[in-house]
Amino acid sequence: MNEKKTLILGLGNDILTDDGIGPRLVHDLSRIFPSQDITFNTASCGGLEIMEYIKGYRKVIFIDAIRTMNGKPGDVYHFYPSDFTETSHLSNLHDISFLTALKMGNMLDLDLPSDLHIIAIEIVEDMEFNEEFTPLVRENYPKILEKVSSLVKQSLL
Numbered sequence: 000m001n002e003k004k005t006l007i008l009g010l011g012n013d014i015l016t017d018d019g020i021g022p023r024l025v026h027d028l029s030r031i032f033p034s035q036d037i038t039f040n041t042a043s044c045g046g047l048e049i050m051e052y053i054k055g056y057r058k059v060i061f062i063d064a065i066r067t068m069n070g071k072p073g074d075v076y077h078f079y080p081s082d083f084t085e086t087s088h089l090s091n092l093h094d095i096s097f098l099t100a101l102k103m104g105n106m107l108d109l110d111l112p113s114d115l116h117i118i119a120i121e122i123v124e125d126m127e128f129n130e131e132f133t134p135l136v137r138e139n140y141p142k143i144l145e146k147v148s149s150l151v152k153q154s155l156l
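By numbering that gives the first Met the number 0, the letter at position 53 of the sequence shown is numbered 52, and the numbering carries on one by one without gaps.
Be aware that a few hints might be false.
Simulated crosslink set (PhoX-like; lysine-lysine; CA at most 25 angstroms straight-line) [claimed, not checked]:
| no. | residue 1 | residue 2 |
| --- | --- | --- |
| 1 | Lys4 | Lys71 |
| 2 | Lys54 | Lys4 |
| 3 | Lys146 | Lys4 |
| 4 | Lys4 | Lys152 |
| 5 | Lys58 | Lys102 |
| 6 | Lys102 | Lys146 |
These are computed hints drawn from the structure, not numbers from a lab. Quantities reported herein were computed from a predicted structural model and do not represent experimental measurements.
Based on the provided sequences and hints, a complete structural model is requested.
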């Protein structure tokens with residue numbers, strides 16, 4: 000088991016407009032929650048590759064972008080694997096799904112965390128090359144950070 004108990008993993012690519020919301024939030028959260036028991040990291044992969052990031056931790060909080068049918072930009076959702084909705088990076092058309100990867104990891108006896116949280120932020124655009132967020136996400140960023148910070152705090156208890 001990793002000496003560090005918790006991993007907060009921001010998923011996304013910061014050159015694909017709003018897709019970079021996960022890594023940006025993790026950067027800001029690392030300043031809000033300075034702790035030796037928390038590791039902050041980012042990744043732009045999904046499926047099986049995620050297993051390498053999370054093995055050895057007791058708790059993992061994923062922060063990722065999501066696009067739903069009825070959500071508004073800046074909406075923040077908190078999921079668990081048991082009520083899982085695919086997010087931008089935890090699902091990948093070129094790889095297996097996150098849930099399948101978890102099942103495989105457990106079958107292979109990988110040291111995977113039993114406490115998983117998925118915080119997803121509703122975005123507008125994740126296919127255009129741009130290092131800036133879309134106006135709606137940019138305007139809502141302070142509220143997004145506040146809500147995500149609150150969910151992280153609750154998840155750490």
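Against the structure, test the hints numbered earlier, and report the numbers of the ones violated in rising order. 1, 6
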